[in-house]
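4 protein chains.
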Amino acid sequence: MSSTFGTLFRVTTFGESHCKGVGVVVDGCPPAMTLIEADIQPQLSRRRPGQSDISTPRSEADQVTIYSGTEFGKTLGTPIMLLVHNRDQRPQDYGEMSRIPRPSHADYTYQMKYGIRASSGGGRSSARETIGRVAAGAIAEKWLKENFGVEIVAWVSQVGDIAAPAVDMGLVSRAEVDRHIIRCPHADFAARMQERVEEVLAAKDSTGGIVSCVCRNVPVGLGEPVFDKLEARLAQAMLSLPATKGFDIGSGFAGISLRGSEHNDPFIQKDQRLGTSSNHSGGVQGGISNAEDIYFRVAFKPVATIGLAQETVDFEGKPTTLEAKGRHDPCVVPRAVPIVESMAALVLMDLALRQAVRRPG
Amino acid sequence: MSSTFGTLFRVTTFGESHCKGVGVVVDGCPPAMTLIEADIQPQLSRRRPGQSDISTPRSEADQVTIYSGTEFGKTLGTPIMLLVHNRDQRPQDYGEMSRIPRPSHADYTYQMKYGIRASSGGGRSSARETIGRVAAGAIAEKWLKENFGVEIVAWVSQVGDIAAPAVDMGLVSRAEVDRHIIRCPHADFAARMQERVEEVLAAKDSTGGIVSCVCRNVPVGLGEPVFDKLEARLAQAMLSLPATKGFDIGSGFAGISLRGSEHNDPFIQKDQRLGTSSNHSGGVQGGISNAEDIYFRVAFKPVATIGLAQETVDFEGKPTTLEAKGRHDPCVVPRAVPIVESMAALVLMDLALRQAVRRPG
Amino acid sequence: MSSTFGTLFRVTTFGESHCKGVGVVVDGCPPAMTLIEADIQPQLSRRRPGQSDISTPRSEADQVTIYSGTEFGKTLGTPIMLLVHNRDQRPQDYGEMSRIPRPSHADYTYQMKYGIRASSGGGRSSARETIGRVAAGAIAEKWLKENFGVEIVAWVSQVGDIAAPAVDMGLVSRAEVDRHIIRCPHADFAARMQERVEEVLAAKDSTGGIVSCVCRNVPVGLGEPVFDKLEARLAQAMLSLPATKGFDIGSGFAGISLRGSEHNDPFIQKDQRLGTSSNHSGGVQGGISNAEDIYFRVAFKPVATIGLAQETVDFEGKPTTLEAKGRHDPCVVPRAVPIVESMAALVLMDLALRQAVRRPG
Amino acid sequence: MSSTFGTLFRVTTFGESHCKGVGVVVDGCPPAMTLIEADIQPQLSRRRPGQSDISTPRSEADQVTIYSGTEFGKTLGTPIMLLVHNRDQRPQDYGEMSRIPRPSHADYTYQMKYGIRASSGGGRSSARETIGRVAAGAIAEKWLKENFGVEIVAWVSQVGDIAAPAVDMGLVSRAEVDRHIIRCPHADFAARMQERVEEVLAAKDSTGGIVSCVCRNVPVGLGEPVFDKLEARLAQAMLSLPATKGFDIGSGFAGISLRGSEHNDPFIQKDQRLGTSSNHSGGVQGGISNAEDIYFRVAFKPVATIGLAQETVDFEGKPTTLEAKGRHDPCVVPRAVPIVESMAALVLMDLALRQAVRRPG
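Protein chains in written order, with our numbering: chain A, 111 to 471; chain B, 111 to 471; chain C, 111 to 471; chain D, 111 to 471.
Everything labelled a hint here was simulated from the structure, so no lab data went into it.
Accuracy of the hints is not assured; some may be wrong.
Pairs count within a copy or across copies, as identical chains cannot be separated in the list.
What the hints assert, rightly or not - Calculated lysine-lysine pairs in the DSSO-like style (CA-CA distance at most 30 Å, straight line):
1) Lys-428 - Lys-130
2) Lys-184 - Lys-252
3) Lys-252 - Lys-435
4) Lys-428 - Lys-380
5) Lys-130 - Lys-435
Based on the provided sequences and hints, a complete structural model is requested.
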């Protein structure tokens with residue numbers, strides 16, 4: 111297990127899908143910052159299940175409580191423990207489910223790695239594990255906003271093969287994103303994506319998608335070469351999320367086909383600083399932020415748990431057919447939007463503190 | 111700076127392009143393994159410049175010396191220091207280059223982050239920084255091969271918009287890859303890629319590409335949820351390489367368009383274990399290896415340093431034109447092949463040691 | 111803040127004296143070990159206040175709850191969160207106390223470091239912070255006992271200038287130690303120590319003491335040179351406890367006066383292994399356990415909070431007199447006994463897992 | 111192995127007694143600081159063997175070379191590799207020495223831990239391992255001096271049972287300390303200690319001693335509760351040195367006998383800050399520096415390698431007699447003086463950078 115992320119802003123998450131609670135300890139949060147539950151709850155509420163017809167109906171309020179690290183609404187600089195109780199605790203022997211590893215799920219690998227696994231719901235591979243990340247991310251975001259005006263906005267840019275046109279990354283806002291339950295800011299494409307999700311849901315199947323994200327007003331200088339370059343930490347953060355299969359930043363995979371003369375971002379003088387006239391770099395050069403917008407994409411595979419019958423084998427190797435019971439998200443990307451934002455915030459926050467060390471004495 | 115990678119197999123690299131030497135300290139290498147310079151040199155030689163007409167002619171033998179951690183050709187379990195002397199040491203004031211930050215290079219961000227930067231050659235953002243990684247990776251690879259039969263093979267799968275057809279991932283070998291200087295195992299496409307690189311070289315321009323990689327015979331159980339999932343560490347490792355812009359694993363970005371019922375990998379009984387009949391997962395489920403082939407892609411942008419004139423501004427913000435002097439690799443992907451293999455080896459080695467803790471007593 | 115301890119058995123504590131709760135996340139606990147609250151509670155109960163007339167009467171049941179990481183009474187290999195609710199939550203403005211930093215307490219340094227501090231009770235410098243350590247230590251102890259038969263016993267060997275005679279380190283047991291509330295296994299000296307504590311209590315003063323500790327049946331090979339030598343980690347662990355001022359191991363400070371020929375521990379053949387006929391080394395040679403008993407001492411200063419009037423200055427530098435209100439432990443060593451044991455367990459557990467990596471494949 | 115120390119000022123040492131070289135990589139050194147070999151050499155020269163009749167005559171110039179991380183005499187903020195070549199490389203089969211583990215030496219535990227060990231000279235348990243620490247410490251000291259005026263002075267305060275009287279900790283200087291080869295600043299006691307060392311040398315025996323150390327002008331606020339409290343890190347640092355058995359800070363073990371009312375350090379107004387009128391705390395309260403002098407003691411056991419015949423057993427358990435060949439330091443404390451200073455500097459430097467994060471924006 112490796113449930114801690116960050117060097118100076120250190121986040122340690124805990125909790126399975128069906129234990130008493132899930133949450134996080136945040137160690138290294140700067141002191142004397144105002145912080146109450148209401149600063150954290152909104153992103154948790156954007157993440158929670160049951161927000162619409164196309165997400166899992168598991169009923170969880172996901173109400174967060176601050177257990178330590180603040181007093182009279184201010185951080186003390188000490189570890190902040192945030193806890194969300196699991197209302198839906200059902201550790202029980204699932205019969206069939208425990209005999210048959212779900213294809214492309216974590217049942218088999220957890221069993222082989224640990225010699226034991228949570229009886230149901232995926233344990234730590236469940237999406238509930240991300241609650242601690244989102245709670246911690248909300249603190250990071252607040253600090254980044256207050257200290258640098260950082261804005262982080264993610265949205266759904268693709269569902270299945272339906273890819274929405276580019277958005278204006280300088281302007282896209284959470285309000286726009288949340289206007290549609292699919293969380294694509296482009297109304298027409300949002301409707302088409304929604305249809306697609308309803309279609310796969312009806313077919314007891316699932317689909318994948320892409321979450322895109324932009325981080326604005328990030329100060330120059332964040333990123334620690336060579337192993338903690340900004341894009342390296344973002345990549346780790348995003349690929350540590352359940353169901354992710356890819357990450358690219360700036361021009362990404364598409365930029366390969368350009369020539370250097372097209373791809374290079376010429377410097378120009380901006381207000382108080384040097385900037386670039388294009389931004390194929392995605393706000394990062396040499397692993398360090400250059401104050402331009404940081405933007406990246408995260409690929410999510412189709413959800414593994416589906417109602418359709420699947421031919422597979424049980425743990426003993428005996429052929430069998432599996433039909434997942436109950437209802438599951440047919441597409442995770444709408445709920446992944448605040449999770450991606452949170453992980454981006456955790457990366458930027460940690461790197462901002464690490465760079466703070468270098469401010470002139 | 112963050113020049114250490116790994117938890118139990120800890121690699122700390124050092125060295126700029128024009129200092130006395132570059133290298134690495136490897137801490138945590140298992141004891142009593144045979145190790146001499148000849149085990150390390152081959153991958154360094156595959157990485158070094160000047161191997162062909164299409165790579166930078168910088169003349170470096172890149173001969174490695176083991177300074178500590180072994181005796182009579184065996185590892186002691188103590189830190190292994192590996193050093194490559196820089197033959198080409200020219201720290202000097204580069205005139206124009208020091209006044210003008212190269213577009214899409216690290217000159218500007220290093221200067222802003224540290225308030226100082228190496229006068230030439232890119233310092234730690236130079237490709238020479240990867241020498242320590244490759245040297246350490248060779249040790250990891252040797253151990254993985256001896257203990258599990260792990261085979262790691264990378265190759266060039268795309269240059270510019272020329273994408274080679276899929277290779278047989280169960281069979282592709284380094285010998286095949288090295289048959290062409292472009293390091294694409296597909297002869298026809300290798301020729302086309304080669305032509306493309308010569309063309310951009312002639313045009314004083316550059317191009318990007320993709321390195322693909324497969325890791326065979328990786329044991330089940332590697333990967334430490336949640337933040338050190340196997341794909342998360344691979345993503346960090348690859349995005350920490352100079353000039354990388356993207357990473358995907360298994361079905362990756364392409365898998366998004368599939369439905370869950372198509373994408374899921376059904377379990378089947380294989381020799382002594384459960385396996386899967388397809389491998390969209392890329393050998394990883396729930397962040398943990400499942401003993402199937404691990405395969406992934408890394409996107410490299412077009413090289414930033416080009417001979418073509420670029421309109422830009424100097425550090426003072428004054429408009430100017432920059433033409434990079436000397437010759438540079440017009441395309442990094444052929445030399446990136448052993449580097450990608452090495453980073454994969456470092457990730458697998460560290461996770462293998464971390465999993466070793468869990469072997470039954 | 112640095113609230114995480116350990117490399118593979120990673121313990122992250124949280125909680126102030128007057129917040130909602132205190133506790134710990136244990137990441138890296140081996141899977142499939144039986145674990146319920148009753149395994150953890152006994153050491154917490156030995157640690158809690160109000161056990162006798164000579165400890166602080168703060169009323170806390172200190173009942174622990176396992177929130178995550180186990181199912182059906184077995185560990186899953188995932189993070190275990192242990193929580194103790196604070197019954198006595200009184201974050202309030204303490205008037206005088208908030209204007210006057212208590213001499214030799216953490217009020218002044220916390221204020222200077224963080225620019226803010228918990229209004230009362232010492233925040234993270236409070237003894238309540240050790241609850242998470244003790245809870246985590248109980249898990250470590252259980253695993254060490256089950257896997258190696260490790261026994262860890264600490265006792266009070268000195269109070270003020272009353273130093274008890276040496277105990278038989280091969281035999282001393284917790285039952286013996288707990289026979290006297292002062293936790294000195296030597297009845298006569300326990301009585302004299304008890305008298306001394308009652309005397310300083312009556313005088314509204316305080317006294318220091320020494321806790322000694324022995325760890326039996328520790329396997330050979332634990333300790334990671336050079337910075338995580340066994341004694342180095344023990345020293346860090348013990349000096350991270352509130353009110354500690356010194357640590358020595360084996361012959362310690364007293365061994366200085368011996369000659370090498372007296373101090374060296376000759377090897378002899380023991381049952382299945384080499385052992386030593388004397389044990390001035392304290393079970394550690396070259397930073398690595400040698401399977402002999404590990405024993406060490408920890409010095410605790412007199413408690414800083416006393417009822418006696420003290421001439422000092424307030425935060426503004428204005429001379430004033432401070433008399434601490436309420437009652438406090440006049441001597442911490444009896445309650446420090448299980449805390450010292452717990453920290454020893456955390457050190458040994460982490461090093462045992464780190465050494466497990468090296469077991470022959 | 112765990113050869114890395116520090117969180118932001120990260121020091122990774124390498125090298126055995128008889129390999130090609132010993133040294134260190136320093137990652138996280140602040141950029142733009144002037145640094146040349148001459149800044150580092152003096153402490154290495156104070157540490158090296160052969161300085162007097164009472165130290166081992168092993169002939170080593172211990173000349174340091176900076177391999178990376180600086181340019182034109184300034185640090186770049188990138189990893190600094192410092193290398194000292196071993197002149198005296200003799201990895202060879204030592205015959206008797208390899209059959210018989212030296213009592214109280216690391217031969218046996220290294221062999222049991224790693225299943226292999228350096229054939230001679232102690233490998234990583236050799237005093238040569240400390241070269242990297244001293245080289246890195248010199249950089250830390252330079253930065254601490256330039257930024258805060260920190261002064262670190264260590265001296266020999268006890269040899270065998272000869273304990274020198276207290277020195278004036280506000281004034282004691284390295285010049286005074288180095289006036290006597292025994293490195294005790296008190297002339298009479300230096301002479302007596304010298305005599306004692308010559309006596310044990312003549313007797314082919316050895317003796318232990320104490321190194322005391324003071325750190326002046328340390329700013330308030332250094333130390334990271336709870337596990338990286340200043341005294342906890344110092345304790346780890348000191349107990350990670352070869353041959354150390356104890357550490358205490360401030361009043362230490364002696365303070366136990368005082369009452370709280372005597373031991374507490376009352377606050378008084380000093381120039382620009384609050385200070386204390388006494389300093390039993392040793393400059394640390396609640397694990398955080400309070401700007402008073404930090405002082406501590408380190409106990410070194412008598413050297414294990416002695417010429418006198420010792421009855422012991424060989425690796426097979428067969429009784430035998432061992433007489434160490436060659437000459438060895440009969441007492442390590444004079445040469446330990448710069449080593450203790452260096453470790454103190456490494457601890458303070460890392461904590462200073464970690465606190466720098468909290469400076470007001």
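Hint check:
For the identical chains of this complex, Lys-428 and Lys-130 are neighbours neither inside a copy (35 Å) nor across copies (51 Å), given an alpha-carbon limit of 30 Å. Taking the shortest alpha-carbon separations for Lys-184 and Lys-252, only the intra-copy value of 13 Å comes in at or below 30 Å, while the best inter-copy value is 37 Å. When the C-alpha separation of Lys-252 and Lys-435 is checked against a cutoff of 30 Å, the pair qualifies neither within a copy, at 40 Å, nor between copies, at 39 Å. For the identical chains of this complex, Lys-428 and Lys-380 are inter-copy neighbours only, at 11 Å across copies versus 66 Å inside a copy, given an alpha-carbon limit of 30 Å.
For the identical chains of this complex, Lys-130 and Lys-435 are intra-copy neighbours only, at 23 Å inside a copy versus 39 Å across copies, given an alpha-carbon limit of 30 Å.
Against the hints set out earlier in the document, violations occur for numbers 1, 3.
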